[in-house]
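Please take these sequences and the hints and turn them into a complete structure.
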Amino acid sequence: GQQLNQSPQSMFIQEGEDVSMNCTSSSIFNTWLWYKQDPGEGPVLLIALYKAGELTSNGRLTAQFGITRKDSFLNISASIPSDVGIYFCAGRRSARQLTFGSGTQLTVLP
Amino acid sequence: DAGVIQSPRHEVTEMGQEVTLRCKPISGHDYLFWYRQTMMRGLELLIYFNNNVPIDDSGMPEDRFSAKMPNASFSTLKIQPSEPRDSAVYFCASSTVGQGGLAGELFFGEGSRLTVL
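Chains A and B supply the protein sequences, listed in that same order.
In terms of our numbering, the first sequence opens at residue 1 and continues consecutively.
In terms of our numbering, the second sequence opens at residue 1 and continues consecutively.
Certain hints may be false.
Beta-carbon label-pair distances, calculated as ranges [to be verified]: (1) A:L45 x B:P61: 19 to 29 angstroms; (2) A:G16 x B:P54: 40 to 50 angstroms; (3) A:I80 x B:R85: 18 to 28 angstroms; (4) B:M39 x A:S77: 21 to 31 angstroms; (5) B:D63 x A:K70: 29 to 39 angstroms; (6) B:P8 x A:D38: 16 to 26 angstroms; (7) A:A78 x B:V97: 34 to 44 angstroms; (8) B:V12 x A:E41: 11 to 21 angstroms.
Residues of chain B placed beyond 10 angstroms of chain A at every Cβ, according to the derived structure [said to hold, decoys possible]: (9) E11; (10) E18; (11) N51; (12) S73; (13) K78.
Just so you know, these hints were derived from the structure itself, not from any lab.
Don't be surprised by glycine CBs; every beta carbon is placed ideally from N, CA and C.
Have a look at this one:
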């Protein structure tokens, strides 16, 4: 079953607004990844985080690996219509493969 | 470069029929994963291979599901017999070796949407 709690489940925002979503877990993770899935497509990697406290940006996207190693957040600044989609966090613990969060459905209103 | 290629993109079949989903990973990738996505359960790992060898199939729902990887450029996921509750989008993903010898970042195919009537 799912070991990551991702929130919020969905968001409706105005174009130009900033967005924040996060993932938490009761377990420690060694890697955090953030993916975006467009309708009818597979998830695409946005940002990868490998060290506790790491803060990484990719254009308007910024993600952080929580210092406790049990959480991560993703921020999107100045949202645009093409940001619409489902955003997934994914974490890896020790030798295990990735566990995915339940996703955040983002809708950007014009 | 071509990404992960999956076929068919869509399949509609009747309960009891055999379904075969196909995947061609990115050339040079050592890991191949099969995921299932549903609204209720999200993305679930079914099975993954390393160098064509199945490593963990604990996510395969039941004996009706089987997966093979006869060579480094091809894998199949078979459901026999199929049931309506198998309806989902099935994703194949591949990766190179990452940190600590584990799989690195996953690259997903576009998925195969299966509907079992």
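Hints and how they fare:
1. The beta-carbon spacing between L45 (chain A) and P61 (chain B), approximately 27 angstroms, falls within the hinted interval of 19 to 29 angstroms.
2. For the pair G16 (chain A) and P54 (chain B), the beta carbons lie near 48 angstroms from each other, so the given range of 40 to 50 angstroms is met.
3. The beta-carbon spacing between I80 (chain A) and R85 (chain B), approximately 38 angstroms, falls outside the hinted interval of 18 to 28 angstroms.
4. Distance hint for M39 (chain B) and S77 (chain A): a CB-CB separation of about 29 angstroms, consistent with the stated range 21 to 31 angstroms.
5. Range check, D63 (chain B) to K70 (chain A): Cβ separation about 36 angstroms, and the 29 to 39 angstroms hint holds.
6. Taking the beta carbon of each, P8 (chain B) and D38 (chain A) are about 20 angstroms apart, inside 16 to 26 angstroms as hinted.
7. Hint check: A78 (chain A) to V97 (chain B), Cβ distance near 37 angstroms, so the stated range 34 to 44 angstroms holds.
8. Between V12 (chain B) and E41 (chain A), the C-beta spacing of about 20 angstroms keeps the proposed range 11 to 21 angstroms intact.
9. Remark: the non-interface label on E11 (chain B) is consistent with the geometry, its nearest Cβ contact in chain A lying 15 angstroms away (cut-off 10 angstroms).
10. For E18 (chain B), the requirement that its beta carbon stay farther than 10 angstroms from each beta carbon of chain A is met, with the minimum near 24 angstroms.
11. With 10 angstroms as the threshold on Cβ separation, the claim that N51 (chain B) sits away from chain A holds: the shortest Cβ distance comes to roughly 15 angstroms.
12. Separation of S73 (chain B) from chain A is adequate, the least Cβ-Cβ distance of about 18 angstroms exceeding the 10 angstroms criterion.
13. Every CB of chain A is more than 10 angstroms from the CB of K78 (chain B) (nearest about 20 angstroms), matching its label as outside the interface.
Violation of the numbered hints given earlier is confined to hint 3; every other hint is satisfied by the structure.
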